[in-house]
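Once you have looked at the hints, place chain E on chain P.
Chain residues, written in single-letter form:
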Amino acid sequence: NAGVTQTPKFQVLKTGQSMTLQCAQDMNHNSMYWYRQDPGMGLRLIYYSASEGTTDKGEVPNGYNVSRLNKREFSLRLESAAPSQTSVYFCASKSQGATYNEQFFGPGTRLTVL
Amino acid sequence: LAKTTQPISMDSYEGQEVNITCSHNNIATNDYITWYQQFPSQGPRFIIQGYKTKVTNEVASLFIPADRKSSTLSLPRVSLSDTAVYYCLVGEVAGGFKTIFGAGTRLFVKA
Numbered sequence: 001n002a003g004v005t006q007t008p009k010f011q012v013l014k015t016g017q018s019m020t021l022q023c024a025q026d027m028n029h030n031s032m033y034w035y036r037q038d039p040g041m042g043l044r045l046i047y048y049s050a051s052e053g054t055t056d057k058g059e060v061p062n063g064y065n066v067s068r069l070n071k072r073e074f075s076l077r078l079e080s081a082a083p084s085q086t087s088v089y090f091c092a093s094k095s096q097g098a099t100y101n102e103q104f105f106g107p108g109t110r111l112t113v114l
Numbered sequence: 001l002a003k004t005t006q007p008i009s010m011d012s013y014e015g016q017e018v019n020i021t022c023s024h025n026n027i028a029t030n031d032y033i034t035w036y037q038q039f040p041s042q043g044p045r046f047i048i049q050g051y052k053t054k055v056t057n058e059v060a061s062l063f064i065p066a067d068r069k070s071s072t073l074s075l076p077r078v079s080l081s082d083t084a085v086y087y088c089l090v091g092e093v094a095g096g097f098k099t100i101f102g103a104g105t106r107l108f109v110k111a
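Chains P and E are the protein sequences, given in the same order.
First residue of the first sequence: 1, per our numbering; consecutive thereafter.
First residue of the second sequence: 1, per our numbering; consecutive thereafter.
Bound-form chain P, shown alone:
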């Protein structure tokens, strides 16, 4: 099992460009999450999807959109990138029926917006 995979690993954008960050999990998890982590800071929740077909805003949703394509995949889109969106983006997944509040994280996408 690959767990949670994210593509791309690195990306450099110019201000105003758009891009989609991809996330997939092969653990049959219902819930998926997108976080951002700025240098030296904690994680902040952007959007989450409790189950296939639902998405909800997190702490910092402005400037982002998400799509829960199917149970495996949850993508994050930046429509018009800004320098303030330079960050490391982590995707995570969790089983709804778990007895532990354990999220499994991907390796992250390092995004720089010039």
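What the hints contain is simulated information worked out from the structure, not anything from laboratory work.
Note that the Cβ used here is the ideal one computed from N, Cα and C, for glycine as well.
Treat each hint with caution, since some may be false.
Okay, derived cross-link-like pairs now, DSS-like style, lysine-lysine, Cα gap no bigger than 30 Å in a straight line [claimed, not checked]: (1) E:3 to E:98; (2) E:3 to P:57; (3) E:3 to E:54; (4) P:71 to E:98; (5) E:69 to P:57; (6) E:98 to P:9; (7) E:98 to P:57.
With beta-carbon atoms standing in for the labels, derived distance ranges [unchecked claim]: (8) E:17 to P:19: 24 to 30 Å; (9) E:10 to P:8: 43 to 49 Å; (10) P:54 to E:77: 40 to 46 Å; (11) E:41 to P:22: 17 to 23 Å; (12) P:83 to E:7: 29 to 35 Å; (13) E:63 to P:14: 46 to 52 Å; (14) P:98 to E:63: 19 to 25 Å.
One side only, chain E facing chain P, incomplete, derived with CB under 8 Å [to be verified]: (15) 32; (16) 34; (17) 43; (18) 44; (19) 46; (20) 49; (21) 51; (22) 52; (23) 87; (24) 89; (25) 91; (26) 93; (27) 99; (28) 100; (29) 103.
Chain E alone, transformed into the frame defined by chain P:
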């Protein structure tokens, strides 16, 4: 969501026991307390979870007093490789609920 408060940073030396306390005054009846560890350039990973009293696993111990308004993560005999950020989370276990990681506690272990 119950708000959590933890120290921004802590220093320790190899071989010492480290205790990191988290305050969560507004914890709800259905909430569990979960701790994650994050190494540089990696995503966080789950280390321990508890509801009340004491929980111990191969990595750490978690102490939760009867009123559950705080919890203490205990790392026995830390090594340099325990240098990481530790996050305390409070929330329900089942379901895909909104989760807030906060700033975490940066632990520096010195030789």
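>> Given the hinted pair residue 69 (chain E) and residue 57 (chain P), is their Cα-Cα distance within 30 Å?
In response: 27 Å, holds
> Taking the closest Cβ pair, is residue 52 (chain E) under 8 Å from chain P?
Replying inline: Since the shortest Cβ distance to chain P is 15 Å, the answer is violated.
> Is the hint on residue 32 (chain E) kept, meaning its closest Cβ partner in chain P is under 8 Å away?
Replying inline: Given a least distance of 6 Å, the restraint on residue 32 (chain E) holds.
> Given residue 44 (chain E) was flagged as interface, is its beta-carbon under 8 Å from a beta-carbon of chain P?
Replying inline: Where the cut-off is 8 Å and the nearest Cβ of chain P is about 6 Å from residue 44 (chain E), the hint holds.
> How about residue 46 (chain E): closest beta carbon in chain P under 8 Å, or not?
Replying inline: For residue 46 (chain E), the interface hint holds, since the closest Cβ of chain P sits about 4 Å away, which is under 8 Å.
> residue 41 (chain E) and residue 22 (chain P), beta-carbon distance inside 17 to 23 Å?
Replying inline: 20 Å, holds
>> So, as I understand it, the hint says residue 100 (chain E) touches chain P; can you test that by seeing if any CB pair is closer than 8 Å?
In response: Check passed: Cβ of residue 100 (chain E) comes within 7 Å of chain P, closer than 8 Å.
> Is the hinted pair residue 3 (chain E) and residue 54 (chain E) satisfied, with a Cα-Cα distance of at most 30 Å?
Replying inline: Satisfied, since the Cα-Cα distance of roughly 21 Å is no more than 30 Å.
> When you take the CB atoms of residue 98 (chain P) and residue 63 (chain E), is the distance between them in 19 to 25 Å?
Replying inline: 23 Å, holds
>> Need the status of pair residue 71 (chain P), residue 98 (chain E): alpha-carbon distance at most 30 Å?
In response: Status holds; Cα separation ~18 Å.
> Can we keep the residue 34 (chain E) interface hint, with Cβ of chain P closer than 8 Å?
Replying inline: 4 Å, holds
> Is the straight-line distance between the alpha-carbon of residue 3 (chain E) and that of residue 57 (chain P) 30 Å or less?
Replying inline: 18 Å, holds
Checked against the numbered hints above, the structure violates hints 8, 9, 21, 22; every other hint is satisfied.
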